[in-house]
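Peer 1: The chain contents come next:
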Amino acid sequence: MEKPLTQHIVPGRKPLNLKAYEKVGGYQSVRKALKEMTPQEVQALVKDSNLRGRGGAGFNTGLKWSFVPMGPDAATPKYLVANADEMEPGTFKDRVLLEGNPHQLIEGMIVSAYAIQASISYVFMRWAYKLAAREITQAIQDAYEAGYLGKNILGTGFDLEMHLHTGVGRYMCGEETALLNALEGKRANPRVKPPFPQVSGLFGKPTIVNNVETLCNIPHIINNGAEWFKKLGLTEDAGTKLYGVSGRVKTPGCWELPMGTTIRELLEVHAGGMQDGYLFKGLLPGGASTDFLVEEHLDLPMDYPSIQNAGSRMGTGTMIILDDQTCPVGFVHNLQHFFAQESCGFCTPCREGLPWVEKILLAMDRGEGKPEHLLTLDFHTKYLGPGNTFCALAPGAMEPLQSALKYFREDFERHIHEHHCPWSKTTAWQPSI
Amino acid sequence: MLTAEEKHQIDHEISLVPTPKNACIEALKIVQHSHGWVSDESLKDVADYVGMSTAELDSVATFYNLIFRRPVGRHVILLCDSISCYVMGYEDIRNKLFEKLSINYGQTTADGRFTLLPNCCLGTCDCAPALMIDNDLYRNLTVEQLDEILMKYT
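Which chain is which? The protein sequence lines are D and V, in order.
FYI, the numbering for the first sequence is 1079 to 1511, going by this note's numbering.
FYI, the numbering for the second sequence is 6 to 159, going by this note's numbering.
Read the hints as simulated data drawn from the structure, not as lab findings.
Note that CB positions come from ideal geometry on N, CA and C, so glycine has one too.
One thing to keep in mind: the hints can contain errors.
Stated by the list, open to error - Here are the computed distance ranges between Cβ atoms for each label pair:
no., chain 1, residue 1, chain 2, residue 2, range
1, V, H40, D, N1301, 42 to 50 Å
2, D, V1088, V, R144, 50 to 58 Å
3, V, R144, D, G1355, 20 to 28 Å
What the hints assert, rightly or not - Okay, the calculated bits of chain D under chain V, using three or more residues with CB under 8 Å as the criterion:
no., region
4, 1159–1168
5, 1245–1257
6, 1324–1332
7, 1389–1399
8, 1425–1436
9, 1444–1450
What the hints assert, rightly or not - Partial pick of chain V residues on the chain D-facing surface, computed with a CB cut under 10 Å:
no., residue
10, T59
11, L71
12, C125
13, Y158
Please construct the entire structure, taking both the sequences and the accompanying hints into account.
Peer 2: Here it is, written out as structure tokens:
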């Protein structure tokens, strides 16, 4: 089984330095793309490979790039930003790539920047990734010294600067337009689209924001071709995927596997099944902002269309398991507390609606829930849904809530009728402050 | 007053962006790095230096949870309270920290040693529960480990 993204990553070992990375074929794709391909050819190859954004949205990467104005009349400088903010609760896959093989990301960024003719690039990394920040800083410096970054890269006339920007918190920064505001030294509120960042992004210039895992795929697609990449996947989605499992399983972790590996294989083989004494109750397939899936979905392949057809989203591909001894209402309450806290407060439905939802769930947790609360939660899932808010934060927050109300409604009702949390003592969620 | 070294670092950040204002978050980070937090006085110094009103800069500073606008202890404990850590029982760790440090979230110990804050997912969910103290990450936590961990910080 091919594992292009993690083949040179050994947990606990320092990442390959530049020389060692070159020895295993590192930076070959930079030579190939910059010397043998036009930017448009790189774009077309990546589009043909059907690489879809690994940050969660799943948009075709080459197609995203194709909206960037090209040619002598295009505004300059253009920017490429690696989104290394990874703040979706339950997600820890980009950390593996950042800590384990920083040069792979840099290589992918150079080729991607070339494809859109960007001359300035940023790695926007969350504050908490201290080790990753050290590794990326060193790798960027080494890449400059080796002539892969800076002016006239490998004598091709292509210039690229690269900077690491470490954030100062807030989930909103993962949203690409909010991220750009943060990079500009502003509050990380999202921006209205259009104009899309491809046309008017960082400092008003054409900008592409791609997820770390997405960018790390680029060198391998350049080296091995679109057909090779498509064949890596088991289903119609291409490539490999970094999947993760956390919760009460025997061996939680993160693994690179063919796209389309089933949920059951992830859960039972790679994660080792449930811990003794715990039963599976449900899961969020791709982070906090995805709809619950349950037992009947375990044989689904983890790819974009299959999970979408089941009423959820593959999101980041890192699953969170709900076990039978964790209160589903407490679980959802924890998520809604997070979303209410992380709302940027810019649009009313999100700013007002999420705390309302959180308060109701707190009341239920305390045994103070009322029958009409269920209806209030139901209408929030509609009013905070897609199209009613400025960005995807509140609709994302409603995904686990609406599916919990569907699959675990009896558990919500028990909280109300029994006037206490049936799981109380061990898992009742209490607000932080 | 910004020190010469702080000004030097802020100037470098300003050189990378179109206007000085665009470097304001970096400037706040620099000031926080030397003082531990951003006081009203520091906020005004930075605002003047990058050409913003203090109100505008404070609207940025208070947006980000890791820019501290109140004094913190010598070490800041950030305890993950997100979903995987919740499932894995971080609340036991939280309660033990409350007890051991005799403080609640948002408070600093009487000796100024620790400030305890809840934090969103630290991105290490396969090793939950987790917390960070300053730059150090601790994973697969049990309440029994807390004494040993806290002892490292004076």
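Peer 1: Name the hints, by number, that the structure is in violation of.
Peer 2: The structure breaks hints 2, 8, 9, 10, 13; every other hint is satisfied.
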